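Undergrad: Position chain B relative to chain A; hints supplied.
There are 2 protein chains.
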Amino acid sequence: MTVIYQRVALIGLGLIASSMAHAMRAGGLAGEIVGHAKSAETRATALEIGLCDRVYASAAEAVEGADLVVLAVPVGAMAAIAAEISPHLAEGATVTDVGSVKQAVIAAVQPHIPAGVQFIPGHPMAGTEFSGPRSGFGTLFVNRWWLLTPLPDTDPAALERLRSLLIAMGAKVNEMDPAHHDQVLAVVSHTPHLIAYTMVGVADHLAQVSNSEVIEYSASGFRDFTRIAASDPTMWRDVFLTNKDAVLDILGRFAEELFVLQRAIRMGDGEHLFDYFTRTRAIRRGIIEAGQDTSAPDFGRVAPPKAGV
Amino acid sequence: MTVIYQRVALIGLGLIASSMAHAMRAGGLAGEIVGHAKSAETRATALEIGLCDRVYASAAEAVEGADLVVLAVPVGAMAAIAAEISPHLAEGATVTDVGSVKQAVIAAVQPHIPAGVQFIPGHPMAGTEFSGPRSGFGTLFVNRWWLLTPLPDTDPAALERLRSLLIAMGAKVNEMDPAHHDQVLAVVSHTPHLIAYTMVGVADHLAQVSNSEVIEYSASGFRDFTRIAASDPTMWRDVFLTNKDAVLDILGRFAEELFVLQRAIRMGDGEHLFDYFTRTRAIRRGIIEAGQDTSAPDFGRVAPPKAGV
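Chains as they are written, first to last, in this note's numbering: chain A, 5 to 313; chain B, 5 to 313.
Derived from the structure by calculation, the hints contain no laboratory data.
Please read these numbers as outputs of a predicted model, since none were measured by experiment.
Wrong hints could be hidden among the right ones.
As the list claims (entries may be wrong) - Pair by pair, the computed Cβ-Cβ distance ranges are:
(1) B:A286 x A:A61: 52 to 62 Å
(2) A:H276 x B:Q212: 17 to 27 Å
(3) A:A83 x B:D181: 47 to 57 Å
Stated by the list, open to error - Some residues of chain A that are not near chain B, with every Cβ distance over 12 Å (derived):
(4) V7
(5) E45
(6) A87
(7) S90
(8) G96
(9) P115
(10) G131
(11) L163
(12) A190
(13) H194
(14) S216
(15) D249
(16) A250
Where a beta carbon is used, it is the ideal one built from N, C-alpha and C, also for glycine.
In isolation and in its complexed conformation, chain A is listed as follows (with noise of 0.2 Å):
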């Protein structure tokens, strides 16, 4: 129960920063924690459910005074956020953002941090399909990745300190190159994320299979796919419009492979299918080795395993 900030402003209380007030509050993180959220009923139920020991409704009173500012707003509105709260943040305060892009947030927020504060990007690559002050949960950071891309002038005293936060909240800290990270989360989370929206989308409108017929026999597959399609829409909207050009070059070679497995099936070439469907599975393998997922079967989702006998 170390204090690690005095005081903790959070911009933006969805499930990241409700997530983060938990989880401060539980490690005795934070000596206060205040909060800003455009809505005024977030704002009541931040309030309500203990998140914040302070509300306010702009941004700029909220980082007063705060040693710790974390940006937890849609990618497309850190640039705003940003210039209405440079006049008032305090000298030597970090401000860091959880966004999932970095690059974008990086030209959005750096141009607006004044001399004496340091600004450090990080991304906690945690989540569930829910949103909202009252989705967040204090264990959601618990073994999973927050990376953070310092910038070349970053303090590295400021570093430490902000890392020393977020493991105590339970994550592992990495650090990465901001262009590099938009990369690689193109590839694990951006364009996943797309294809599962597309393919909800292509069921949504068949004409031949009724919507009612697809919702009661969603078992196995589709299920999954709906629920990373029921993710945040502005969220994802601003991720697929700043990362544009990696998610455009991974979809690029999704099409070309989607388009070879294609015309395998149509020139049934069960060989092809075959060797493609066994390599994949050992990299299904190498994620549970690496910790970042139950093994048990079907996410452990259906009734316990072996329970039946």
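TA: Relative to the frame of chain A, chain B by itself:
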């Protein structure tokens, strides 16, 4: 504990057959359970863990005297098995299968069914990413759909008896036209699987992002794809080869749809993306309301929600 069939012959002893064995034993639904698998190791395992009372190296021997024969082999192996067992089927027996494709299985099996034997095609919509005789568990079918696609001359009494077995194992049973089944499955299962295989394959041979990075940072999105893409390669090869027309149709629609979203990204059309992502979110709600998936965040896979406060 009502015995519904005196002797059930399981042809193939993978995930589905072994789960049926557990479920039938738990419910006392079969007088005895015999089995056949090509592999001597699988047969030994089936005896060792009590799936079968007896195992046979030949399918023909296994079906002798059985009043229910379950074809639980990959779709591509159905024709040869049906030809082999045909002269050995008992008068009055019912043959069913558990293949994920129905028109191709009917074409492969029905010509080999002798007079006095009923063939009732079936498809349990349940599974995990694991396979083999040790992967089964008795609750796999609980609250899952088991679709039957009876033929025009199916005996109602035989159908009712099979249905009562499936219900006793916990399944929900529905009947469907075989062609319509194959269309619905192309949407909710087959095409999503191909897409997941493709995305995992793309990640596997990217040069600028290393495989170890893909594995380490696979949270959110990609991780779910890898689970799907870890499914049995033989089974899935056969699905795509035998439900070719329906899968190619849906793949064509998917590619069109993906290109429209890709264009929206390229043109910076945020409104299009936001509207699309908002619509797909509603489908997820429908699936949860239909009881087809858990509403727990991230499938309940993360540490318990709210536990951190």
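Undergrad: Hint by hint, note whether the structure agrees.
TA: Taking the hints in turn, this is what the structure says about them:
1. B:A286 x A:A61: 52 to 62 Å: violated, 31 Å
2. A:H276 x B:Q212: 17 to 27 Å: holds, 26 Å
3. A:A83 x B:D181: 47 to 57 Å: Hint holds: Cβ distance 55 Å, inside 47 to 57 Å.
4. V7: holds, 18 Å
5. E45: The claim stands: A:E45 keeps its Cβ more than 12 Å from every Cβ of chain B (closest is about 19 Å).
6. A87: Non-interface label stands for A:A87: nearest chain B Cβ at 20 Å, farther than 12 Å.
7. S90: The claim holds: A:S90 sits with its nearest Cβ about 25 Å from chain B, beyond 12 Å.
8. G96: Per Cβ check, A:G96 is outside 12 Å of chain B; nearest 29 Å; holds.
9. P115: Holds, since 21 Å exceeds 12 Å.
10. G131: Violated, because the least Cβ-Cβ distance between A:G131 and chain B comes to about 6 Å, which does not exceed 12 Å.
11. L163: holds, 20 Å
12. A190: It is violated; A:A190 is separated from chain B by about 8 Å at its closest Cβ, not greater than 12 Å.
13. H194: Nearest chain B Cβ is 8 Å from A:H194, so the label is violated.
14. S216: The claim breaks: A:S216 does not keep its Cβ more than 12 Å from every Cβ of chain B (closest is about 8 Å).
15. D249: violated, 10 Å
16. A250: Not fine: 10 Å to the nearest Cβ puts A:A250 too close to chain B.
Taken one by one, the earlier hints fail for this structure at numbers 1, 10, 12, 13, 14, 15, 16, listed in ascending order.
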